[in-house]
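In order, the protein sequence lines correspond to chains S and X.
Numbered per this note's numbering, the first sequence spans residues 8 to 179.
Numbered per this note's numbering, the second sequence spans residues 9 to 365.
Read the hints as simulated data drawn from the structure, not as lab findings.
Hints may be right or wrong, so weigh each one.
Listed next, the stretches of chain X that the computed footprint assigns to chain S, with coverage defined by at least 3 CB atoms under 8 Å from CB atoms of chain S [as the list claims (entries may be wrong)]:
(1) 169-177
(2) 182-192
(3) 233-242
Being a predicted model, the structure only gives us computed values, none of them experimental.
Note that the Cβ used here is the ideal one computed from N, Cα and C, for glycine as well.
Listed here are the chains, written in short residue letters.
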Amino acid sequence: MAAPFRPCDHCAKPAVVHNTVIVNGQMNEVHLCADHAGAAGIQMPGQAPIHQLLGQLAQVPVTRQRGPACPECGHTFHDFKTSGLLGCAACYEAFAATVGPVIERAHGGASEHIGNVPARADDANQRAALLQQLLRELETAVSAEQYERAAQLRDRIKDLRPTASARSDGAA
Amino acid sequence: MSDLTAMMVGDRDVVMSCRVRLARNVSGFPFVGRATHPQRREVLETVRAAAGPDEATVGLVGGGRVGASAAESLAWIDLAALPKRDRQLLWERHLISRQFAEGDSPRAVAVTPDERFSLMVNEEDHVRIQVLRTGNALREAFDAAVRVDATLGSRLDFAFHRKWGYLTACPTNVGCGIRIGVMVHLRALRVTNEIEKVKRAAKELHLAVRGFHGEGSEATGDWFQISNQRTLGVTEVGLLEEFAGRIVPAVVAYEREARRVLLERQRTLLEDRVFRGISLLRSARLLGLDEAMKQLSSVRLGVCLGLIPDVALDTLNRLTIQLQSAHLRSGEAGIETDDDERAARARVARAALGDPS
Chain S
8 MAAPFRPCDH CAKPAVVHNT VIVNGQMNEV HLCADHAGAA GIQMPGQAPI
58 HQLLGQLAQV PVTRQRGPAC PECGHTFHDF KTSGLLGCAA CYEAFAATVG
108 PVIERAHGGA SEHIGNVPAR ADDANQRAAL LQQLLRELET AVSAEQYERA
158 AQLRDRIKDL RPTASARSDG AA
Chain X
9 MSDLTAMMVG DRDVVMSCRV RLARNVSGFP FVGRATHPQR REVLETVRAA
59 AGPDEATVGL VGGGRVGASA AESLAWIDLA ALPKRDRQLL WERHLISRQF
109 AEGDSPRAVA VTPDERFSLM VNEEDHVRIQ VLRTGNALRE AFDAAVRVDA
159 TLGSRLDFAF HRKWGYLTAC PTNVGCGIRI GVMVHLRALR VTNEIEKVKR
209 AAKELHLAVR GFHGEGSEAT GDWFQISNQR TLGVTEVGLL EEFAGRIVPA
259 VVAYEREARR VLLERQRTLL EDRVFRGISL LRSARLLGLD EAMKQLSSVR
309 LGVCLGLIPD VALDTLNRLT IQLQSAHLRS GEAGIETDDD ERAARARVAR
359 AALGDPS
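Put together the whole structure using the sequences plus the hints.
Rendered as structure tokens:
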């Protein structure tokens, strides 16, 4: 039988966390939706930090933990977990969902490259895509009043723009 | 300019050397760990062809100098064909990593005659550009590394992702793929038990603190390598400015202050250690590596504080390399046992520092 619907104590969404709290001998029930549980600092399953997730993965039997392989080089997530290394450039896409958070954690939460771009970074499209990303980031930085970061981004954008236009001019 | 003032130039009293390293991979090949030997050989040949035969072609020399002479040519060393002792020699000179020194897969290093530049091919990544400089010359090292990167990058397609930047075998290197580091001698901070504070502060700033031989070597002596850990979400120039403009000056000032305090409050104890150190290095007949490094550290502090005016800092810097095992064994024939090596180490130290007997 399905559990009876119970709304969150703070909103109309269904409660997913049900706790009994005893304060000064008084027993109280607390019912929270996912959002309010998160706001109260209660960790939801699936939201555990990456190192905990990796720890859980390690306990999965070997046959299951090898998981899908990179279509380009055959590297598995298990290979990455044991060596700390990826097999090829395509691995970054193949394991984006799992490796992405690992990268962000390793770099203090950063999730975008803002440094140099190789001289032969394919074509103007790649530069244009990067430019778009940097512009979005600049907007966020400015609205968050992160002026030092905004200045860094502006420098990068300045560096990218002439090259991008020069390239498209050349192609035209 | 007095000797002591001269030492402050380039912060040489504290900063032994600095290094800028760039990690790059060639598009179209699996990373080294996943590549077959034939693929690794192909990467090697591709990079070697792109680097060209000399410093000018690799981008180390600017437009002002035309036609590099033979003396300026890059020496390509095939690691797989190199005897174990010679590999260790390169490692002791900080030209290659320990990981690179081991194993038998196709890989090579290109080195300039002055040993201030090395290009490792097929280390953890296909290409590792490394520029070394004595003292604190980070900006110069940075410029040279960026020049080589630009030259190679104009001839090779480097693996690059618009979100993650330069793609590297280990995701901790993505983004700029750059490591900026200094080797610092923090003897006084060790003596005054303040080194843990430095390590804690470094950790908060996302910096790695390692030992004399970098990754994998414990920072047990008085020499520390401090380098950036974050390479994503930062710009190369931003990192350089942070390092050269903020971090290194702060570490240097902190060590100098500890030295000043030591000299002021514990002069006798300090002098005792320094003069015991120089006496031992000038007199010992058998010298182990750990002991040699420990005494060199005391002597170095004494030289930097003007307590031993007849020893040059360069002599001590050289000895930190020359007294390593493979250097002794390649410098003299007939060194077979550990005692032979300890005797040779003592001889080299005495010859360099002046044996009073």
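- request: Find the hints from earlier in the document that the structure breaks and name them by number, from lowest to highest.
  value: Per hint list: zero violations.
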